[in-house]
Amino acid sequence: MRILLVLFVFLLMSCNQQDVVVPAEGEAAKPVLGDTFIEASIGEPSNLLPVLSSDSASSAINGLVYSGLVRYDKKLVLEGELAEFWEISEDNLTITFHLRKGVVWHDGAPFTSADVMFTYQMYIDPEVPTSYAEDFLQIAKAEALDDYTFRVTYEQPYAPALESWGTSIHPKHLLTGQDVTKSPLSRAPIGTGPFKFIKWDAGEKVVLEANLDYFEGRPYINRIVYRVIPDASTQFLELQSGGLDFMSLTPIQYATQTDTPAFKRNFNKFSYLAFGYTYLGYNLQKPIFQDKKVRQAISYAIDKQELIDGVLLGLGQAATGPYKPDTWVYNAKVKRYDYAPEKARQLLDEAGWVDHDDDGIRDKDGQPFAFTIVTNQGNDLRTKSAEIIQRRLKEVGIEVKIRVVEWATFLKEFIFPGNFDVTILGWTGGPEPDQYNIWHSSKTAPRELNFVKFQNAEVDELLEQGRRTFDQAERKQIYDRFQEILAEEQPYTFLYVGEALPAVAKRFRGIEPAPSGIKHNFIKWYVPASEQKYAR
Amino acid sequence: MLTYLLKRLAMMIPLLIGITLISFVVIHLAPGEPTDMQTDLNPKASAEMRNRLMERYDLDKPLYVQYGKWLGRLVRLDFGESFAQDHRPVMDKIAERLPITIIINVLSILVILLVAVPIGILSAVKRNSPFDRGTTIFVFIGFAMPSFWLALLLMDYFGVRLGLFPIAGLKDIGHEYYSWPGQIWDYVRHMILPVFVSAFGGLAGFSRYMRSNMLEVIRQDYILTARAKGLSERTVIYKHALRNALLPLITILGLSVPGLIGGSVIFETIFAIPGMGKLFYDGVMMRDYPLIMGILVIGAALTLVGNLLADISYAMADPRIRKG
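One line per chain: the protein sequences are A and B, in this order. Take any residue in the first sequence, count from 1 to its spot, add 103: that is its number in the numbering used here. Take any residue in the second sequence, count from 1 to its spot, add 1: that is its number in the numbering used here.
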C-alpha cells in the first residue's frame, strides 16, 4: 500500500507541469528559439487541402502550412510571398509572376511554376468540388514560361485578380493524376509555409512545427498546437488556467471578465477593428420598403451608439457603408444617420405613414406599419440588436416582431425565396473593395447574394468599372461614389463594425499591432528563454 | 431456445429497414442541403459550382433512387462517404469517435450502479428515514441540475482555482513524453470530471428504481417466511430480497446498450471530448446525410440487440420466465 501511495504522489508531481510563469518587465529584447504556442478552435478543421475547405479552422492552419504567390502585409498592401515580384501589362490583362528561387516543399521537393500551373488547373477542374473556382474562371490563358516565371492573361481587366493569387499553392508532385478528394494530404498537408504539419488527433488537436527551411527564415516558436474546444466558455476557462496561449475574446469577456489582476499578469489584450459589419437589410421587393424615405426614417430611428454600447460593450464603431473605417477605400464623407427620432417621424409623415387610429402604430391605407425582423440562431449579438431596434422603432410608431431561425432553414425558407421583411445579418470582407456579388443587379437570382434585390443602374456601372480599374486613386473615386449612393438609398441600415479582441499569453514577445491585426509577424514572435514553458 | 433466437433475429431485419426508411425520409424533409455550407452566402461560389456539387453527391436524383443506392451500399456494410468537406468514409469517422464515447458511458454506468444500487437498497430498507430523505434530495438535485452548468462550475473550481484537474480534452499537450504510468494517470485525471458529471445526472433514475423494486420485494410473502424462519435481517435483505429486486435492472441495462454509443452534445462540447454526440450534431447541422444515416443505423441495430439481450438474460436469470 505504501509503495502505491508513493507512486501516486510521484505521478502527480511528474504531470503537474502547468506552472504559471510571471514575466519580468523590461527584459533584453533578443529573440530566442523555442516554446509552444497553443490556440483553440471552436470547430475541428474539415480538410487541410485549401482547395476543398472553406471553414475557419482549416483556413487558420492552411494559412501557416501553405503559401500563396502574394499576401497582404501588415498595412494591407499586397506583397510577394512565393512570387518575388510581378508585372502587370499596360492593358491590365496580363500578370507575369517571377517566382522565388530555392523554395522547397516540406518534403524536400523544389517549388516551381509547374506547381502554380497545377494549382490553377485544379481550381478550374469541374471534377474538383471547390467553392473558389470563380476568380480563376476569369482567366483566358495561363502559361509557365520557365521554371520560375508564370503568366496569366484575363478575358477582361479584373482588379481582384492579384489578390486571388494569394490562394494557397498546392504541390503538383503529390497530387497530380489523383482524385483530390481522396488525397492523404487532406489529413496530412505538405506546403511551403512557415510551419510543417506534424500530426492530427481527430477531434482533439493539430500539431505544427517550425519549418527550418522557410524562405524567410525559421519561425522562433517551435510548435503550434491547435486544440479543438467547441465551447466558448470552456475555452475561456482553459485560457485562464494556462491551457491556451491565445483566444479571441467576446466583448463581455474583454470588458468585464478579464479585468482581474491574475489575468492582466498573464495575458496581453489587444483590440482593433475587424473586417466585417452587421446590417439591417430591407427586402426591397416589399411595397413598404420601396420608399427611400421609409428606409431613411428607420435608419434615423435606430441609435447605433446604443447598439454598440449595449451589444458590443463599446467595442466597435458605427458602420456607414460596406467598408471598414480605417481602410483606403472608406469614404468618411457620406451621409450619416445619427440617432434623430424627430427626423425619422418627419420622414415617415412625409411618406404617408401617420397614426390615424391613435393606437400608437402608424398606418397607411388602413394597413398598420408592422414587420418582422428575421435573423439566424446562434448569434447572440444579432438577437440582442434586434431587440434594441424593436424598442426604438416602437417609439416612432413602427411595430416590429422578431423571429430567430436555425441557419439552414433561415437561408432556405426566408432569405433565398425573398420570404422576409427585414433581416439582421453580417458580411465579412477583406481589403479588396470589389462588392459586385453583393450589390450588382445581376446578382439577385435565388441563392445569390443581392437577396435584398437592390437595383441601381449607376451602382451597377460603378461596380463594373471598379472591377476593371487597377489604379488605386481611380478606384477610390469609383468606390467613393458607390458609398455615397448606398448611404443615400439605405438598402441596408449599416449598424456596426465590431472589434477583434485577441488575448495572448504575456510570455510571447515581438507582437506588433498593425492595420491587419497582430498575426502578420507571427513567425517573429518569441519567448525569452527564462519564460519558456514547454520544452518540446 | 435456438429457434426463438433465430426468429427474433429474422424479425429484426424488416424492422431495421423500416427504421432506416423513415429516418431517411425525415432527414431529407429538413430544409437545406449538404452543399449549402460550402456555397451559401459565399461570394466566391457560383451557381454552376453548386450544381456540380449536387451532381457529385447524387442530390439531383429523386429520393427513392438515393435511398436505393444507399441501401445497396449498406447491404455491403458500406456506409458511404461523408458529405462534409473531408470526404472521408463514414465508417472511419464513427470508428475514431466510438471508443471514447463507449469508455465514458461504461465508466459512468459503473459509477451509477456502484452508487445508486446501495442508495436504493438502503433507502428502501430505512424507508422515510433521514437517510432516505437526504439521498432523495441529493439524487434529484443531480437529476435536475443542468449538466453544462455543473460542468462549468466544477471546471472553474477544480481547474482554474485549485488547478487540480485539467479543464477539457482527453490528454495533456505533452502526453506523448510521459512514462506509461504517467500517461494512464493523465487519462484518469482528464476523465474524473466528465465521468462524475455524466454519472451525477443518472443517479436519480437508477436509485429510485432500485428503491421501489426493493420495497415491492420486501412486501412479498417469501420475505415474511424468511423472517418467520428466524433468519437474520441481513440474510433476509441481502440474500432473499436483493436478488429478486435486482432482476428488473437487467432490463434497464439492456435498454441502455444503445445509450452506450450515444453521446451527449452539450456534455461533449463543454469538455471538448470528441465523441459521438458532437459528431451526430455536426452531421445534422451540415445535413451530412450519409453520416446521420450511419449513426442512426448503428443506434437502431444496437437498440434491437439490446432488447434481445435483455430478454435473453432475463430468461436466464429468472426461472419463472424461462420455464413459463
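By construction, these hints were calculated from the structure, which means they are not laboratory data. Computed from a prediction, not measured in an experiment: that's the story for all the values here. Some clues are possibly wrong.
To be verified - Example chain B residues on the side facing chain A (calculated, C-beta under 7 Å, incomplete):
id, residue
1, Gly33
2, Met55
3, Arg57
4, Glu97
Glycine included, every Cβ here is placed at the ideal spot set by N, Cα and C.
A quick look at each hint next to the structure:
This hint holds: Gly33 of chain B has a C-beta 3 Å from the nearest C-beta of chain A, less than the 7 Å allowed. Given the 7 Å rule on beta carbons, the hint for Met55 of chain B is violated: about 10 Å separates it from the nearest Cβ of chain A. For the restraint placing Arg57 of chain B at the interface with chain A, the shortest Cβ-Cβ distance is roughly 6 Å, inside the 7 Å limit, so the hint holds. Because the closest C-beta pair between Glu97 of chain B and chain A is about 5 Å apart, less than 7 Å, the hint holds.
Comparing the model with each numbered hint stated earlier shows that hint 2 is the single one that does not hold.
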